[in-house]
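Chains B and W are the protein sequences, given in the same order.
No gaps in the numbering here: position 92 of the first sequence is 92 in this note's numbering, and each next residue is one more.
Basically this note's numbering = 1-based index in the second sequence + 107.
Think of the hints as simulated: they come from the structure by calculation, not from any bench.
Watch out, some of these pointers could steer you wrong.
In silico lysine-lysine, DSBU-like type, Cα no more than 35 Å apart, as pairs [claimed, not checked]:
1) Lys-267/W to Lys-345/W
2) Lys-11/B to Lys-41/B
3) Lys-267/W to Lys-41/B
4) Lys-267/W to Lys-11/B
Source: prediction; values computed, not measured.
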Amino acid sequence: MARVVVDVMLKPEILDPQGQAVQRALPRLGFEGIADVRQGKRFELEVAEPVTDDVLARMRALAETFLANTVIEDFTVRVEEPESATEPEPAVEPGSAAEAAGDGARA
Amino acid sequence: MSAPAAVPERPDGSGDLERSVRIGVVTFPGSLDDRDAERAVRLAGGTPVALWHRDPDLHGVDAVVLPGGFSYGDYLRCGAIARFSPVMGPLVERAREGLPVLGICNGFQVLCESHLLPGALTRNDHLHFVCRDQRLRVENAGTAWTGDYRAGQEITVPLKNGEGGYVADERTLDALEAEGRVVFRYVGGNPNGSRRDIAGITNEAGNVVGLMPHPEHAVEALTGPTTDGLSLFTSALKRLVSA
């Protein structure tokens, strides 16, 4: 079982009123200095077969035709390796800055 | 309760041709305004035909209305799942061949998701659900659904949506304007942040029209703010009778 992750974000030029509402709420909660928030969607597709290039291409087609509306949204498709199969990583506190930085580096 | 108002028979039988025109109304899971759309078709003088989302057969109808509501709970994106309903296969095919199709609110969203119309509908810029009587200007009286209006005419029909902001890239918007494909424009304040105050558009051929406001709720004095919406339905009937 492999996991294919599809991230969908509104294109930069499309107004994101939900993200703006989140951003405006931040100072009230004591989080200063966050200039912008964009809200997106993440899909986790559990694939029964090995993720070959062919399978990945089909997942990409699925994302393009269904999961994202490419008129207003961009998407990325990537394979997430099962944790047991990867090298043990340095322990990261859930929600810590290190994890956030690692997540942001995927693109 | 009395039975739904019947359109008075005309003594000369001139309504018979219209009555023979069959306009399908698709019901998706979560459709709300299918019954009102059927009623509007009947009041306009046509014969409504209920179409079911899982039935890939248009049953020989002469036109189709995709009604308002929240198909599939608006999950994923409004209209995104309805677009892949079995009924949409033949509908998209026939629409490309010229079948008159009207998408109202959620129906407009389905038409955009199906790429029968360009652009997309997004969350209202102020994030609130809007429900009000809305003034519109008819910009194009040449489509299959607007022949009974005059270009420039102002009408008032209900508007009710949370994701009614019409967006498209600048090139598409410029093309829509240049080709006269903006059919309805909001007047007296933009209710949802739609680009260029666009409330409704049409395809190149003018047979497919989508709009966010609800003309089917403005067909009777008793329940609507006006009867301005009826002309969309009479327009299609006239077009089909004379075709």
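Checklist entry - Quick one, are Lys-267/W and Lys-11/B close enough, alpha carbons at most 35 Å? => result It holds: about 26 Å lies between the C-alpha atoms, which stays within 35 Å.
Next on the checklist: Check the hint pairing Lys-267/W with Lys-41/B against an upper bound of 35 Å on the C-alpha distance.
Outcome noted: Holds - the C-alpha atoms of Lys-41/B and Lys-267/W are around 26 Å apart, at most 35 Å.
Item to check | 35 Å Cα cutoff - pair Lys-11/B, Lys-41/B | outcome: holds, 13 Å
Checklist entry - Under the criterion that the straight-line Cα-Cα distance not exceed 35 Å, is the pair Lys-267/W, Lys-345/W satisfied? => result At roughly 28 Å apart (the allowed maximum being 35 Å), Lys-345/W and Lys-267/W satisfy the hint.
Checked against the numbered hints above, the structure violates none of them.
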